[in-house]
Structure formats: C-alpha cells, structure tokens
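Asks: Chain residues, written in single-letter form:
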Amino acid sequence: MKTSTFPTIPRRLLLTLPAVLFLLAFFILPLVDNGLRSIVQADGNGITFARYVQLLTDQFYLTSIAQTIALSAAVTVICVLIGYPVAYYLVRHAGRWSGLIIFLLIAPLLTSIIMRTYGWQVLFARRGFINTLLVQDLGLLDTPLRVLDTPGLVVAAFVHVLVPFMVLSIAAVLQGIDRRLEESAQLLGAGRLRTFFEVTLPLSIDGIGTGSILVFMVANGSFVTLVLLGGGLKTLPLLIFQQFNTTRDFGMASTMSTVLLVVALVCLFLQLRLVRRGGEA
Amino acid sequence: MSFFRRLDLGRAILTAFVVAFFVFMTLPIGIVVVASFTDASFVAFPISGWSLRWFRRIFEYQPYLDSIAVSLQIAFGATALSCLIGIPAAIALARSPSAWASAVMTYLLSPLSMPMIVIGFAALFFLSRVGVGVSFTALLIAHTTVCLPYIVRTVAATYRGTARSYEEAAALLGANPLQVFWHVILPLIRPGIVAGSLFSFLVSFDNLPISYFFGQPGTLTLPVVMLSYMEHQFDPSIAALSTLQLLLAIVGLVIVDRLYGIDKMTMGD
Amino acid sequence: MTDFTRRGLLQTGGLLGAAAFANLPLTAAAQAGEITVTALGGIWEEAVKKAFVEPFERKTGAKANVLLGSPPQWLSQVEANPKNPPIDVIIVTPDLAINAAKMDLVDTFTVEKVPNLADIPAEFTNALSGKGTVFDYGVAGITYNKKTVKDPPKSFKDFVDRTAAGEWTASLPGISYAVTPIMLMWAMARALGGSVDNIDPFFDAMKKMRKNVIFWGGPNDFFNHLSSGEADIGIYFDGRTWAHVDAGADWIDFINPSEGGSINALAVQKPKNAKDLAWEYINVMLSPESQLKFAEMLSYPVTNKKVQYPPHLAKRFTPWQEAHFPPYEEIAKVRAQWVDRWNREVGG
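Which chain is which? The protein sequence lines are A, B and C, in order.
Its first residue numbered 1, the first sequence is counted upward by one per residue in the working numbering.
Its first residue numbered 1, the second sequence is counted upward by one per residue in the working numbering.
Its first residue numbered 1, the third sequence is counted upward by one per residue in the working numbering.
FYI, nobody ran anything at the bench for these hints, they're computed from the structure.
For every residue, glycine included, the Cβ atom is placed at its ideal position computed from N, Cα and C.
One thing to keep in mind: the hints can contain errors.
Pair by pair, the computed Cβ-Cβ distance ranges are [said to hold, decoys possible]:
hint	chain 1	residue 1	chain 2	residue 2	range
1	C	Lys306	A	Leu24	30 to 36 angstroms
2	A	Thr143	C	Lys333	42 to 48 angstroms
3	C	Lys207	A	Leu24	46 to 52 angstroms
4	B	Gly49	A	His93	37 to 43 angstroms
5	B	Ala99	A	Gly189	37 to 43 angstroms
6	A	Gln59	B	Ala69	47 to 53 angstroms
7	A	Ala74	C	Lys147	46 to 52 angstroms
8	A	Val53	B	Phe59	51 to 57 angstroms
9	C	Lys49	B	Phe59	54 to 60 angstroms
10	B	Phe59	A	Asp142	33 to 39 angstroms
11	C	Asp104	A	Leu24	29 to 35 angstroms
12	A	Val20	B	Leu248	50 to 56 angstroms
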C-alpha cells in the first residue's frame, strides 16, 4: 500500500515546484516590488506607514472593504443556488443538448463587457424594453422601475458572467461521481431527494468549493462592471482603479492592493479549509 | 393514471428552472447580437434595418484581424503553459489533507484575487527591469499568471473526486508513475483539464487590464484594439465582433465535438 | 534607500525566473530610420496615417509604425523603460503630460527642433512647462436629445437648476472616468462662482441634482444613456457629439455653456532617449497642412494659428478662447481630495 500511493512526499514537492516558482518570479516579486510604493513617502525619501493607517482607520475605507466582501459573498451564494441545478441538469439530463448548454454558458464570456452592459441598459433603461412593456403595453406599473445604477443590477451582472464558472466546476466533479453509489442508496430505500442530499450533494462538495472560490475571488478583484453599471457601491477594486485612472496615486493604489490581497487570501484559506472539512465528512 | 405516474414532477421543475436560467443568460447577449446586424452607423436598439456592413468593417479594419490572431496565440500559449506547470501541482496537492497543502493551494490561486490592472501594472515595471521589456514573451508570462489558478483548481477538484483504487491497482500491476499518470490519472482528470483550459482560454482571450500594458505594434490583443477604437468612436463593429466571437465559439465547440465528443467533457461515459 | 531595496529584490527575481529571457531585443523598431508613434483606434488611426504618417514618410524616407492604445498605457510603458523607451512619440492628455514632465520622462520642445512650434499659441506649450504642446482640442459642454429637450439650457447654472427641478434625467461623467474632475467638477464649480480652491459650489449643485442624475462610466455609455432613453441630457464632448451626428444620430446637439466649458486637449510629447527622428514627425504633426487634414477627418479643432477651416467646420468649432483651459497643475494638487470627497458625498 505504502509504495503504491502516488505521489510520495518528495515527488509531491517536485511536482509543485515549477508552478510555485513561476508565481514567485512573475506574480509575487512584481507585487512586492510594486508594494514598496505603498510605504515610500510621497517625496520619495524614507518609509511611511501612514497610508495603511489611513486605510485601516477611516470609516469610509472600512465600509469599502466590508462592501467588497459582501458583494463577492452575495454573488457567490447566488451562483451556487442557481448554478447547482443547472450543473446537475447538464450532467444528468442534458444528453445531446449539452453542447448547446455549454455554448450558452460561455457566451457571456465571449461578449465584450461594454456590449453586455449595453444589453442591460437596453433591457432596463427608463424607456427601455422591460419598462416600456410594464408601463405602456401591459399597464402594470404607473412609473418605470429604476433598475440601472442600483446594486441589484450590479449583482445580476456579476452573476451573469460568473455563474458559468460555478456550473462547469460543479459539472466537472458531478460527472466523476460513481452513480452506483446513488443507485445503491435508492435500492436501500432512500427516496430520490434523500439520495440527493445524503449521497450526491456531499460527493460534489468539491465542485461547489471550486466554483465558490473562483467566483468569490474573481468578484473580489473586478471593477469594470462597477465602473460601467454604477450602483453606488465603492468596492476596493473600484477605488484601486480610481487611483490608477483618475488620481494616479500609485502609492495609494499599491496600499489598497496589498490590503485587498490579504483580505482575499484570508477568505480563500478559510474556504479551502472548509471545503476539505466538508469533503472529508 | 399511468400518465401521471410517468410525469416526473421534479424533473419538470428542474427543466423549467434551467430554461428560465438560460433566458436570463441569453437576453442581454441576444440584444448585442441583434444590434450587430443594424444598418445604422451607431449602436441603437431596436435596429432600423438589417445589414452585414459591420461584419464587413471587421474584415476591412486590419488591426482587428491582426489582433484576433495575437489574442488566439496568447490564449492558446498561456493555457498550454498553465497546463504544463499547473496539472502536476494540482495532482500533487489535491489529496493532501495537510494545512501545508491548503496554504500552497491558496498561494497558487492568489492571482485570482488581485485586480488585473494591478497585476499588469506591476508586471510591466518588473519585467521591464529584468530585461523582458514590452514583448510577446512578457505578455505570455503575464497571462499565464492569471490562467494558472483556473487549471490548478479545476484539476485538483476533479482528481480528488476520482477513486484512488485505479491508480493503486495499476501500480500493483507494475506500471511506473509515468505510465500510471498517462494511462490512469490523465483519463480520469480529463473533464477537469477541459473545463480549466476552457476557463483559462476565455479569461486570456477576454483580458484587457493586463494586455493593455504590453501593447506593441506587433502584439496588440483584440480587447486592447477594441478599447482604443472606442476611445473615439462607438460603432456597431464592436457588437459585430462580439457576434463573431460567438460564431467562432460555436465552430470551436463543433470541432471539439467531432474530434472528441462534448458529452465526454460533461458526462461520465 | 528604498530604490536600493527594490533593486536587490529585482536582482533576486531576475535570478529566480527571468534569467532565461534576459537580453531579448526590446522592440522590433529598434533599427535606424524607424520610429514608433501612437494613435487611438478606428477613424483616429486612419487620420493619423493620412495626415501625419504619410507626409512624414514621404519627407524623410523613414518608417513610422503606429501603435494603438490609450495614453495611460503609453506613459506607463515609457515610465517602465526610461532608458530605452518602446515609443518615440506619445499622445497624452494634458494632466498626464504634466505628470510626465514632472517625472522628467520627456524632452523640452524648442523652435529649433520643431520649427512649426512657432505657430502654436504659446499658452499651449507653456501649460506643459515647454515639455510638449497641445495639437488638438475639444470642449466639454451640454449635449442633449433634441426630441425630448425642446428648450435646452444655455448655461451651467440653468442646467443645474432645471436638473434639480426634475425637468429631465441628466447623465454626468462618473468619478471613475479620468477627466471628470476637470470636465465636470472644475468646470461647473468655476461657472457657479467657485474655483480650484473652492469646489463647494460643485458639491452643492450636485446635492441638489443628485436624485435626477445618473453617471456614465465611459463616453460610449453616455451615448447609450441617451439612445436608450435612460437620460435626456448631460455633460459630454463636442467632437464626439458631432461624430454621432455625422454617423446619423441627428437627434442630438451640443451647446457650449455661456460661462464657457472646459477645454479637453490632447498633447504630443517626445520621451527622453527616444529617437531624434521623432522631432521630424512632431514637426509634421504641427504643420498647417497636416493639422487641417486631421481636423477635417476628425471634426476636432487643431491648434496651429495658420489653419483656415472650411465653413462647415468653422460653424461647429468652439474657438479655444471661448472655453477655459484648465489649470492642470493646481487641479493635480487637489484632485485626490476631490475624488475622495465625491466618493463620500455623492456615491455614484
């Protein structure tokens, strides 16, 4: 048994090394190099931690950090709730439709974000498609719904581009599950719902974990959707973008990036531990 | 009676949900597709008349064509490179229960959480000073850092879900580790590799904030050209490009299906 | 001190990963007789090729490769490679140009190097401390939908009052758009009695208007707001408005507010250590013939005093004397505060 377990510890190290070194050289070092901007004084001489103090004591920035996490968490939860049934359908029932489903899933990722935003605007504008339908054609409403520039639409737009990651991550794991396990459970008298909750769902927890991590992390670092759709949210990535684009204060941008990275890594580590715990249960 | 018994309520609800889901997914994109066939010179909906003139514009505007080629090269290159270094790492880490493995996994996934504009900006200054400069190589390296996490994570998840017994059986029968990998592990993790590569390809192909910093006359990617184009004008060629990308995706998926079978990617055998 | 630390890290990095790639040739255009110049994509690029690149190549026999992109990208590339800039001529907005001048990334313009500089109003060169000059400009004012706004406001003051009264929904540049502090905050504050040192009139006006305002994230967004009916009016650029009109959107129109809108210019600069041939190209860019051709193709006014516009363009162009050139240096000092205040007070 012992000799057959693949891979052994030193081999494990060897296999991990290229990826670890690659990121060290081309991700960590550039970031550290850039991170030094956050502690260099504005005049270029000497070291200061004033930016970090400002960021971590000012109520406005703390709210922004909380908003960043809340937005990513909300998007992740919604993606799990609507993504799981779709992944399940894709693996178990889609059959010859699976090609079409995959195409429809990745279509948002292939459409320029500017045009996608335009699509939302056409749908939800004050005199747009849906409001015209509700107010003029059907007479259901007296005044048009205000949808653009609300946090709700921002969440919807995030879900729209990120849910494919969730669906495909879950599907990749679901299809690896040995269906005989489910069949045995049913033979032993478990109902289909019970089989699902006690066999299928626990076995696919890794897929949910992967999808959640991808969705959460990507949402945590995105700003373009917020720039284009507004919604009044001031997340950290949006403020970082402002530093690059409007104020060109690279020191502050670097400070915010470091804080964002730390926040994200803590969330990520906790999620990974949680998934492992769940997977072992 | 028998009719009602055969009517599967659970499945009907599921199907209805999936249909509603795809209406949500398709609506904003459908508008873009329709808008790309307009005969007007500006983007507006509903369109005034049908025309293919904005598709012609794509083929007349050389930078669009050149940059599509560059984007494809970078997306394929970064995905291949990510697979090369990512798959071994994913397999090595997937089954270890230790906190150490979680930490390394966290580290490998960390590029996901950084706004890409920061990655691009930092990489530009760093790579310039170590001599890689603004080049195709630099662009490929920077893209690989953000593509890698997708491969690592999806492969690790799929590998963890497969039964260990196959590998053990193969090893007991005398297969060396490379043979075990090639004949046993690789087929098992294929769905993860395909899903991860798909993510990686799409993320790279659609990337603006990194490519932006590495543009050179010969290495402009499509999103950079589109951004530059829209700095001054906003015509339906941008919508037409989106439609064209969708069309290319269909062609790509059909080819994958013919060569390989799409259902293999999403379903067990 | 810190620079030393950074170098140390970089060397480690070089050893760890990049050694294999070191000493690759920086750019393909490194040969003599070839320069890299910059342009925005689409019609803009076509105008650069016709008006600048072709005459330059005819005159010198050299080649000019056009790099598409946008100003912050080009400037970052130059900043990252100051010894061997990958670009020889950059086109930048004045705030970035001043930034580049301060960081000592660009060369000083003189009449000896660029004879046609003599015909550019001195204000445009002085504003950049002589390290570059403005070659074309537009004005940010009021753009509106003629079908829904029958009686458009003629001044910023009128615009603010009637937006606050709910006469329409206005689409204003959002804070994530780079030019917003200038085209909206400074211009509106100035029109309402404020200045760079007193931005309160803008924030007071914004507070009144807020419930009837939406924000655009990029210029195309503004046009979408108008064409989709989400907004009826807003603050936008003249040149882009005319481009939409020429493209067939004849239902929009532009007004330069009576207090005067802000000038939004584009400047040309030569990075330090860029090839000397770049001076020739810049001289062509500033010549009356090239400038006129450029203005005709893009519907934006240019800066050379000798240029005579045909009547249909003269009618559209706002002479730069009727708008205000923003005090970029002073704005740069307070811009971060303005943005911060906006984030806290305005939201959007």
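Asks: Check the structure against each numbered hint from earlier and tell me which ones fail, lowest number first.
Replies: 1, 7, 9, 10, 12
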